[in-house]
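Participant: The lines below spell out each chain.
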Amino acid sequence: MNPESRVDQAILVDIYRRMSLIQRSDDRFRAVIKSGKIVAPYYSPRGQEVIPSAISVNLTDDDTICTIYRGIHDMLAKGVPSKLLWAEIAGKATGTCKGKGGPMHITHPASGVMVTTGIVGSSMPIANGLALASQIRNQGRVTVAYFGDGASNIGAFHEALNMAAVWKLPVLFVCQNNGYGEHTRYDLATSARQISDRAIGYQMPGVTVDGNDPLAVYAVARTAVARARAGEGPTLIEARTFRFHGHVFGDADGYMAPGEKEAAMARDPVPLFRRWLVEGGVPEAELAAIESAIDREIDEAVAFALESPVPDLAELHTDVLADEVAA
Amino acid sequence: MNAPANTLEKVKPMNTIQAVNLALEEAMTLDPEVILLGEDIADGQEGGIVGVTKGLSTKFGTARVRSTPISEQAIIGAAIGASIVGMRPVAEIMLMNFTTVAMDMIVNHAAKLRYMSGGQTHVPITIRTMTGAGFGTGGQHADYLEAWFAHTPGMKVVAPSSPADAYGLMLSCIFDDDPCLFIENLPTYWNPGAPPQVGQRIPLGKANVLREGGDVTLISYSRTVHDCVAVADKLAREGIRVEVIDLRTISPLDEATLLQSVAKTGRAVVVHEAVRKFGVGAEIAALLHEHLFGQLKAPVQRIGANQSPVPFSKALEAAFVPQQAGIEAAIRKTLG
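Line by line, the protein sequences give chains A and B. Mapping to the working numbering: the first sequence position 36 is 36, numbers consecutive. With positions in the second sequence counted from 1, the corresponding number in the working numbering is that position plus 1000.
It is worth saying that the hints were derived from the structure and are not from the lab. Computed from a prediction, not measured in an experiment: that's the story for all the values here. One thing to keep in mind: the hints can contain errors.
Here are the simulated lysine to any residue pairs, SDA-like style, with alpha carbons at most 20 Å apart [what the hints assert, rightly or not]:
(1) B:1314 / B:1134
(2) B:1277 / B:1264
(3) B:1264 / B:1278
(4) A:83 / A:320
(5) B:1314 / B:1135
(6) A:37 / A:168
(7) B:1059 / A:136
(8) A:168 / B:1062
(9) B:1297 / B:1333
(10) A:168 / B:1039
(11) B:1206 / A:320
(12) A:168 / B:1063
(13) B:1264 / B:1299
(14) A:83 / A:39
(15) B:1059 / A:137
(16) A:261 / A:186
(17) B:1059 / B:1198
(18) A:83 / B:1314
(19) A:168 / B:1040
(20) A:168 / B:1064
(21) A:34 / A:248
(22) B:1206 / A:294
(23) B:1206 / A:323
(24) A:168 / B:1069
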């Protein structure tokens, strides 16, 4: 972290609050899923907390995101209420999507989470459309498309970046490069030395940033958001990071080099940033109070999710079409 | 709408290119949220490869009528994204075979976002696409693939058979709140027909009984409706009364109209240009047998294209599609 950076302390604490919320929520998700109280496929974002936290403080509720199956951190950072998120993951009627979407399809327009997709690469073409609407309506809203390093090898990435550049759409393409596409290491599947090199092919700025450095991600996102709002077009951001819990929760991680994960976990960005903030003068008690509030929020969300009713079976047939044509 | 009445327009025949163009123009005039996306659709690129969108970018600007890269996933993705925040995009996928490279966007996203979001978002897009054998375009430019989309919950599939129907159904699709796939037949684009009633929408999900008759029900949609009408007219001269139903909307299927007709006639033949096996005809035959088994006087017959890709050579291509003689023979078979 660059001590020369002058970022308002309130923003730094806000970034930390979002990171801590993600970390603590993830810890609980894994614990509750392990306990068997909630049964759901879970793609832990632990280790990737910094990226959406440092980006989202640059966004408003009117700005939108499209994210992917490993996206709980993106949703929490953007402001999806914990209760609704937990209830959706538990498959309950009180969830964001009434239990019909699940963890891979969380949607919450009020906080700008418009699409969560389970298909690698598909966040990007749809993000373009959200940005196109903003551009045509002259709304000044920006859209963030989150995706992983594996998604930069699928056709949708290339079609979407080209179109966004040609039309100067207000989009941030944010690649969370955690080093693995499912079980395959980056260099075995990706021809580019770094993902950001692909931006040159689409004549847009491409930036590689340490995705575990809150100040660096904040600065890069701030520039890209300003560029998008000014009508100057999209930016490709590659944020380097690491996932602590494999592809899907329960992975044996047998495809990783011995010690690789342990080394990454030893550089856990959440306690590192906390320590940096305290050393920089943020009162320890202030951070502790934030963490306690988060723990209470999660306690309430877990209880809400577990106590909520399952969807009425009539929900099977609703929301297929607008006029609910009988099956 | 206060458009001045043009008596000439009411009597002058119109083809499907003109009819769809008129519907798009009216929709864009009515609602600034209607936008068009597609390859070559702006006037700088000649207003579409057969001119369906001619004049629209000049009238409404290239912000709303956008020629796109040849990127079908990106076209449908952009339409979906704009639609979930309230716009009503009409995305052209030039040829129906090209929908295959956008299937993820159409099937996994457009069709499912309403359900997966618990109704918080929906995708009011219209996907215009053209197809049909007869132009010697071979195996990858002329398929009828409607059964795939009709098999996808959350999609509406519409296939007009005349200029006036194309006009009225297009307006309904644009202002419908679900993703609609709108299939235009390429070889009959230039055929003149009766002009539409300006401003009059044709409801989705409702079939059109084109000819009434008590002996047998002939069910079709898109281009093959014309073959059915021709066969019905021919058989009428022999005293065989054929009821011809144009589905207009394939999905959701107007089951009530089909069941009512076949309950009356006791016989049915389904005709489409798509290959016969696993097609829309199979679904309709199953529906009729499920509901009317005891009342049927003969098994439901299905007529579709040959079980092969569309061939190039003119002789083969002409033989590939359903023939009027085949339709007539199927009808006679049901009559015993």
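Participant: Give a verdict on every hint.
Facilitator: Do the hints match the structure? See the list:
Only pairs whose Cα atoms come within 20 Å are accepted, and residue 1314 of chain B paired with residue 1134 of chain B is accepted, the gap being roughly 8 Å. The suggested pairing of residue 1277 of chain B with residue 1264 of chain B is violated, with an alpha-carbon distance near 27 Å, which exceeds 20 Å. Only pairs whose Cα atoms come within 20 Å are accepted, and residue 1264 of chain B paired with residue 1278 of chain B is rejected, the gap being roughly 26 Å. Proposed proximity of residue 83 of chain A and residue 320 of chain A is contradicted: the alpha carbons are some 25 Å apart, above 20 Å.
Under the criterion of a C-alpha separation no larger than 20 Å, the hint pairing residue 1314 of chain B with residue 1135 of chain B is consistent with the structure, at around 9 Å. Restraint check for residue 37 of chain A and residue 168 of chain A: the C-alpha separation of about 47 Å exceeds 20 Å, so the hint is violated. For the hint linking residue 1059 of chain B to residue 136 of chain A, the alpha-carbon distance of about 16 Å falls within 20 Å, and the restraint holds. Between residue 168 of chain A and residue 1062 of chain B the alpha-carbon distance is near 14 Å, which keeps this suggested pair within the 20 Å criterion.
For the hint pairing residue 1297 of chain B with residue 1333 of chain B, the CA-to-CA distance comes to about 11 Å; that is within 20 Å, so the pair holds. Using a Cα cut-off of 20 Å, the hinted pair residue 168 of chain A and residue 1039 of chain B holds, with the two alpha carbons roughly 18 Å apart. Of the supplied pair hints, the one linking residue 1206 of chain B and residue 320 of chain A holds, its CA atoms being roughly 19 Å apart against a limit of 20 Å. Between residue 168 of chain A and residue 1063 of chain B the CA atoms are separated by roughly 12 Å; this keeps the pair inside 20 Å, and the hint holds.
For the given pair, residue 1264 of chain B sits about 15 Å from residue 1299 of chain B by alpha-carbon distance, which is consistent with the 20 Å threshold. A threshold of 20 Å between alpha carbons decides the hint, and for residue 83 of chain A with residue 39 of chain A the separation of about 17 Å falls inside it, so the pair holds. Note on residue 1059 of chain B and residue 137 of chain A: the hinted pairing holds, with a Cα-Cα distance of about 18 Å set against a maximum of 20 Å. With a C-alpha separation of about 15 Å, the suggested pairing of residue 261 of chain A with residue 186 of chain A holds against the 20 Å cut-off.
At roughly 19 Å between alpha-carbon atoms, residue 1059 of chain B and residue 1198 of chain B fall within 20 Å of each other, so this suggested pair holds. Pair hint residue 83 of chain A plus residue 1314 of chain B does not hold up; C-alpha atoms about 64 Å apart against a cutoff of 20 Å. About 19 Å separates the Cα atoms of residue 168 of chain A and residue 1040 of chain B, which keeps this hinted pair within 20 Å; it holds. Restraint check: the Cα-Cα separation between residue 168 of chain A and residue 1064 of chain B comes to about 15 Å, which is no more than 20 Å; the hinted pair holds.
A C-alpha spacing of about 13 Å is found between residue 34 of chain A and residue 248 of chain A, which places the hinted pair at or below 20 Å, so the restraint holds. Proposed proximity of residue 1206 of chain B and residue 294 of chain A is contradicted: the alpha carbons are some 54 Å apart, above 20 Å. Proximity of residue 1206 of chain B to residue 323 of chain A is assessed by CA-CA distance (about 14 Å); at most 20 Å being required, the pair is judged to hold. Restraint check for residue 168 of chain A and residue 1069 of chain B: the C-alpha separation of about 14 Å stays at or below 20 Å, so the hint holds.
When the structure is compared with the earlier hints, violations turn up for hints 2, 3, 4, 6, 18 and 22 and for no others.
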